[in-house]
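**Q** Chain residues, written in single-letter form:
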Amino acid sequence: MTSLAFLSPTPHEAVARSPMERLARAAGAVVELRDGWNAPVSYGAIVAERARVAQSVGFADRSRIRKLELRHSGTADLTPVRLPGTATRTSDGGWRCPVTPERTLVLGGSGELPAGALDLTCAHAALELAGPLAGECLARFCAIDVRPAVLGVGGFRPGSVARTPGYVLRTGPSALLILTGWAYGEYLWETVATAAARLGGGPVGEDALDA
Amino acid sequence: MNRLPPQPGERIDRNRSLTFTFDGKPVDALEGDTIASALFAAGRRTFSRSFKYHRRRGLLCCSGACANCLVQVDGAPGIRACTEPARPGAVVEHMNARPRLDFDVMSITDRIGGPFTPPGFYYKTFKWPRKAWPLYEKVLRNAAGLGTLPQTQGERTWKTEYRRRHADLLVIGGGAAGLAAATTAARLGADVVLVDENPVLGGRLLWEGGHQLAAELAGRAQAAGVELLTGASALGHYDGLIAVWQDSTLHQIRSRHQLFATGAIEQPLMFAGNDLPGVMLSGGAERLMALYSVAPGRRAVLVTSSDRGLTAAVRLRRAGLQIDAVADLRETRSAAANATASSGVELLSGWTAVAATGRRQVQAVTLAPVASVAPGAGPMPRRELQCDLLIVSGGDAPAVSLPSQAGASAAYDADSGTFRLAPTPPTVSAAGQLTGHGGVRAAGISGELAGLRAAAALGLAASAEHDQRVAELEQRLRAELTEADTEAPPPPDCGDPRWGRTFACLCEDVSAKDIHRGVEEGYDSIELCKRFTTVTMGPCQGRMCQLASVRLIARETGQSLTAVGTTTARPPWSTVPLGALAGVPLEPAKRTPMHAGHLELGANIKWAGDWQRPYDYGDPDAEVKAVHEAAGLIDVSTLGKLLVSGPDAGLFLDRLYPNRLSNLKPGRVRYGVLTNDAGRIMDDGTVCRLDEDTFYVTTTSSGAGAVEQWFSWWLADWGLDVELTDVTQALCAVNLAGPRAREILSRVTELDISREGFAYLDARQAPVAGVNALLLRIGFVGELGYEIHAPAAHGEQLWEALLAAGAQDEIRPFGLEPQRVLRLEKQHIIVGQDTDSESNPYNAAMPWAVKLDKDEEFIGKWALARAAGGAAQATLVGFKLGNGQVPLEGAAILDPAGAAAGQVTSARRSRRLATVIGMAWVPAALATDGATVTIADRGSRLQATVVTEPFYDPGGELLRS
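Line by line, the protein sequences are chains A and B. With the working numbering, letter number 22 in the first sequence gets 22, and the count goes up by one each step, no holes. With the working numbering, letter number 720 in the second sequence gets 931, and the count goes up by one each step, no holes.
Extracted from the complex, chain A is given alone in its bound form (with noise of 0.2 Å):
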């Protein structure tokens, strides 16, 4: 076992659960096991939730997804260095944010572990807002602008996250990645419902953004 094995979870030995899952729950969804994890895929309705997702906005938990940090001074894995601002996409089907010159943070993908990597998949939840009304939902709790023009896909951005410190991520046209501490998974998944209801939201699974 190497020196810093005891980060990174082992989901294919012991279940892996997100933050939100016992909220999740709560709000019906269906839990499968996925690579090792609780996975919410559904709300027991896929048409109406990619409806919602048309329509309105919809919210799906993605903090499984892998979160590596990379150390510039440390690893030969990330030249040309991007300033922050910009995430680009890896061969994996990841994005690589700079968080900082000399910081970058890995979202997504899978296989080895870069050299130098840190695993820090569980020090971020992670929501997926996704609808022509994701922007509007953000806006109830996150003051970074994430208008298209300013916040093109691919945009990445630090900052106050309902009043905690976190990450936005531009993913798609409609779609936004944010993240935050693991410990405040709950209070994003509350703070992000409460908004979203109030536009005509919901959550959503897995399958209704991944399909």
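Where hints are given, some of them may not hold.
Pairwise CB distance ranges (calculated) [unchecked claim]: (1) A/T86 - B/A287: 28 to 34 Å; (2) B/T1126 - A/A197: 52 to 58 Å; (3) A/A197 - B/E954: 48 to 54 Å; (4) A/G111 - B/A1074: 26 to 32 Å; (5) B/A633 - A/T86: 41 to 47 Å; (6) A/I46 - B/T638: 44 to 50 Å.
Sample of chain B residues facing chain A (criterion: CB under 10 Å; computed from the structure) [to be verified]: (7) R376; (8) R465; (9) S785; (10) A819; (11) W822; (12) L854; (13) L972; (14) Q976; (15) A1003; (16) E1007.
No lab work stands behind these hints: they were computed from the structure. Where a beta carbon is used, it is the ideal one built from N, C-alpha and C, also for glycine.
Starting from the known structure of chain A, arrange chain B on it as the hints suggest.
**A** Same frame as chain A, but now just chain B:
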């Protein structure tokens, strides 16, 4: 009912009626009515009573600017009836009158109170005898204030939502100018938001015959992509954002450019009896007629100092109002004056009103030549005209407050007799009547011009075509201005005192005489006079009275209006309930991964900093007992956790801590006390070496953020080859403690956890219940213990597995309260509770934590060296109390002379030890085993015995077992 035939552009729907109550009586209204228009149509003329003298007040502005029609609606006080829509079933009540609006006993203050209630009377009266002040205070408080709040409040029926909006351009004001500006900028590609406090866009167009044009302009703006927010009041400028309140949403709008088209506020005139019901601004009369088809009166006289009043007279007559005479303060007739005269109404040029008289409302007005009201003028010719409506127009004061808050300034303009905007900052612009461009054409041109300039400032319009258009519009605007009307600044006070009071401030009942008295007493600047007399401090916030008060002070002091200036503009500009500012509370709550499990176990959850933690599970005594006799499990996920890695990691820690840490071997743990530059304890925790270059540091739960900042700061300063990562939330942690801990743990891990295989202060990594974990052989609660750190995603699994594994041994979860008892038995300090900003490791009885002989300089070394060499004045010790009383934390320790010389920091009853134990700072001379100290606790004197060693297992054998 005083309803007129259908008016073009009226807002009411004559096919839909509704009913609300006013002071318990039903009032019929039509959909689209405001409360005020419905009440006026039903014959009501007195809408409120004034603040101090309880004088009758009627409708004045009908636009929400003044405070004459404040009512209570469905329990909410301070609602302006003239802008609040009438709703079916609404319960509307008067304010500030007892027992009834039409019969108010407090109006006696108007008859006899004047001499006793001059401005600032409360500084001079009600002071004697001093003992009577509580009675005076009660009476005055009951007499003051507007409206009542319920003593208790049920469930909130509405909560304001905050909405953050970024934009390129924010336009405030939806009249002709604002709409033109917004449309122009949006067509050039700007992201534009336009806000207007009225429910329908168009500003004055709506009641001055331009409602169709208003709809057209609004349609163009919408088609251009402008976001239109109506019924949205701009509250103020707050450090780069404008707060706008709309229904139950508070918009926080941050824009790169702000364009103010806030128009101008029609001013009343000053004459005796100018506060009588029936005295109405021309705009108010026009709104009542045009929007709600309500006749403002039967016989009217109109007095004006500008063309605005004259053009209003023409429209009002056309709509059917009888106007017997028009007095224009200006001697020279303008084109509008000639047109008014031509319409058949008697026009008195150079005349003004000197008194309005009547018992419950206006019944007559006395007019006189302006020249005859000047001080020292000769006999005053006058005319008295019967009327039930006196329409006044004292000119328009540009609404400069909001742009002033945004950084613009306002300067007095002698031509218009008002304060106009001076050049604005680069990100602020203005248009329309605010900049002196009144009239539909001028406002439109001004707006388009401002929109073009704003777009250029945003980098959206750099072309020759743009420049040409700008030049063209500037030329057209100049042409408009040459034909604009002139205004005559009205005399500040032309009231004849024999006819009654002349009010400068209707909200606060401040008369012209009060201003005179204020200046006489030495409050001779606008800011001082405001604070002394309270002029401009009422609900209208100076809309109706700022200009008048400036004119009065200028006259009283002989200064120019430029020199007098205005008061500082501050938010909020519009009335807003506190609930709107409270918003939806966002109270970040951290919860550990085991939170659901705690709830299922019946935990008593409380806030510990920003974490929600189990305080106990219903029986703290049993939880303590379990730890001592079997095993206990506590969730310590809240501990701060930092990874410090790199070739200089050991050096870095040696510089930060007074301990020596660079010599820690991999797989070992050491307790660390963190001290600041002055050698004072700021946090404590453990340091574990994972490998040659990697250390795992834990901190207190509440100190995690501060320690991470401290480490980051010094790392930046020293530039060492170290990386710092906060993994506090990435990892959960539990402490399994008790005599059965080893046996329980052995059921869920293959790791050799024998005493020899896993010794005290060792660290190991191994799977526990299938979860990769870091195990630390440490303890805070005095029994054999293992602290297990694992990825947060597996926290629930780890917790459940350990409880299941220990079920046969009667393991119990335990919370913060039993933990406090257990650690106190060991005299383990809690930083911030047992220590304060003066505590260092020496006087806190931890000298072993400091290694003054280590090679590396460390933070606070010089201070600690001095502390080591000197004698402490007070020392932290333990104590026992035999009598069973648990002293309050904070109770004083007394010196032999009986003076306070220390304090109790912690105290609990220990069932295990069958005594009360605690920790306290005591004078150094008493810090010896067996010494007696006196504790002053809630009137009692308790004799306690000092104990310098841990109360329980002083040798630490159980911990090391």
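**Q** So, for every hint listed, does it hold in this structure?
**A** Hints versus structure:
Taking the beta carbon of each, A/T86 and B/A287 are about 49 Å apart, not inside 28 to 34 Å as hinted. For B/T1126 and A/A197, the Cβ-Cβ distance of about 55 Å falls inside the hinted range of 52 to 58 Å, so the restraint holds. A hinted range of 48 to 54 Å for the beta carbons of A/A197 and B/E954 is consistent with their spacing of about 50 Å. A/G111 and B/A1074 have their C-beta atoms about 51 Å apart, which leaves the hinted 26 to 32 Å range violated.
Judged by the Cβ atoms, the range 41 to 47 Å given for B/A633 and A/T86 holds: they are separated by roughly 42 Å. Between A/I46 and B/T638 the CB atoms are about 48 Å apart, so this pair conforms to the stated range of 44 to 50 Å. Annotation: B/R376 was flagged as interfacial toward chain A, and the flag holds, the nearest CB pair being 6 Å apart, inside 10 Å. For B/R465, the interface hint holds, since its Cβ comes within 10 Å of a Cβ in chain A; the closest pair sits about 7 Å apart.
The beta carbon of B/S785 comes no nearer than 22 Å to any beta carbon in chain A, farther than 10 Å, and the hint placing it at the interface is violated. The beta carbon of B/A819 comes no nearer than 12 Å to any beta carbon in chain A, farther than 10 Å, and the hint placing it at the interface is violated. Among the interface hints, the one on B/W822 holds; its C-beta lies about 7 Å from the nearest C-beta in chain A, closer than the 10 Å criterion. With its C-beta approaching chain A no nearer than about 7 Å, B/L854 sits inside the 10 Å limit, and its interface hint holds.
Restraint check, B/L972 versus chain A: the minimum CB separation of about 17 Å is more than 10 Å; hint violated. Taking 10 Å as the C-beta contact cut-off toward chain A, the hint placing B/Q976 at the interface holds, the least distance being around 5 Å. The interface hint given for B/A1003 is met, as the beta carbon of that residue sits about 4 Å from the closest beta carbon of chain A, less than 10 Å. The interface hint given for B/E1007 is met, as the beta carbon of that residue sits about 6 Å from the closest beta carbon of chain A, less than 10 Å.
The structure is inconsistent with the numbered hints 1, 4, 9, 10, 13, although it conforms to all the rest.
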